[in-house]
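Protein chains: 2
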Amino acid sequence: MNHPEAESRAAAQADPQAESRALAALGALAHAQRLRLFRALVVAGLDGLTPGVLAERLEIARNTLSFHLKELAHAGLVTIEQQGRNLVYRADFARMNELLGYLSEHCCQGGVCEIGPGSCVTGSSC
Amino acid sequence: MNHPEAESRAAAQADPQAESRALAALGALAHAQRLRLFRALVVAGLDGLTPGVLAERLEIARNTLSFHLKELAHAGLVTIEQQGRNLVYRADFARMNELLGYLSEHCCQGGVCEIGPGSCVTGSSC
DNA sequence: AAAATGGTTCAACAATTCTTGTATTATTGA
DNA sequence: TCAATAATACAAGAATTGTTGAACCATTTT
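Going line by line, the protein sequences match chains W and F.
The opening position of the first sequence corresponds to residue 1 in the numbering used here, with each subsequent residue numbered one higher.
The opening position of the second sequence corresponds to residue 1001 in the numbering used here, with each subsequent residue numbered one higher.
For the record, the hints were derived by calculation from the structure and aren't laboratory data.
Each residue gets a CB set at the ideal place from its N, CA and C atoms; glycine is no exception.
Fair warning: there could be bad hints in the mix.
[Unchecked claim] To be clear about the criterion: a stretch of chain F counts as covered by chain W if any three or more of its residues have a C-beta under 8 Å from a C-beta of chain W, and this derived list gives those stretches:
| hint | stretch |
| --- | --- |
| 1 | 1023-1031 |
| 2 | 1052-1061 |
| 3 | 1098-1106 |
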């Protein structure tokens, strides 16, 4: 119990819902418009963006945009805050990092390190 | 040009097909059976696994399995080698790392670092 | 060569996801 | 209160994706 990194990894792996959260996030990002949407929100950072701005910038119909934002929100990848009559959407970086952590674990397990140094993006256990 | 990391990042970003490859990989992994399939191949490492073994272990019908393996192969996430009358499927770690790199970039851009240290899995530019 | 094994392909159907038009809710400002 | 703005909700059709049974091809064994 004296290795915090390994501990948090084990915890992540023990979480029985980690897989379904990863699946939801993967599914949410596996769509061209949603991936761009999410990227726009990541670039916007803590300021976030309103649906109106997003619809204009990405040239997506408002109801279609609303549908896709809901998908991202349902997957936990974005948060919503109401400001007057506007909604502000923001990327949820913690959830995104959880996804990266999940994928990294499964990337590094059992073989990638035999292929070559630096082949794993995290470099953590390689 | 004296910073190889930044260089490889810029190259990755300049690649006009990076997004479509990322989308294909995300779509391939955004399915419970395929994600488990891929995980099994990652754990199997360089030895790989045959469809027969995978079908038995994961309890998937052979034709269904074949369909999903084809999806993974089409996304570039697995490779196929023929050995006698068996096929050996292996996870393509390079492609998986490319996906992680793509996602990491978009995770770290423009704001995540303001949230807190260590919030980004790669820790690279944070 | 015939039978067995390992695996894929195809077609048809089922299920899910995406889009679009229309209607609705909530907030702001005159 | 009335009109305008911001955004979502719903329903129906279109499109895509997933599953299954049956047929097929290649390799090995007898």
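At least three residues with a C-beta closer than 8 Å to a C-beta of chain W: is that true for the stretch 1023-1031 of chain F?
holds (count 6)
When I compare C-beta atoms, does the stretch 1098-1106 of chain F have three or more residues closer than 8 Å to chain W?
Our answer is that it holds, as 6 residues pass the Cβ test (under 8 Å) against chain W, meeting three.
Would you say the stretch 1052-1061 of chain F counts as covered by chain W, given the rule of at least 3 residues with C-beta under 8 Å?
violated (count 0)
Hint compliance for this structure: hint 2 is the single one not met.
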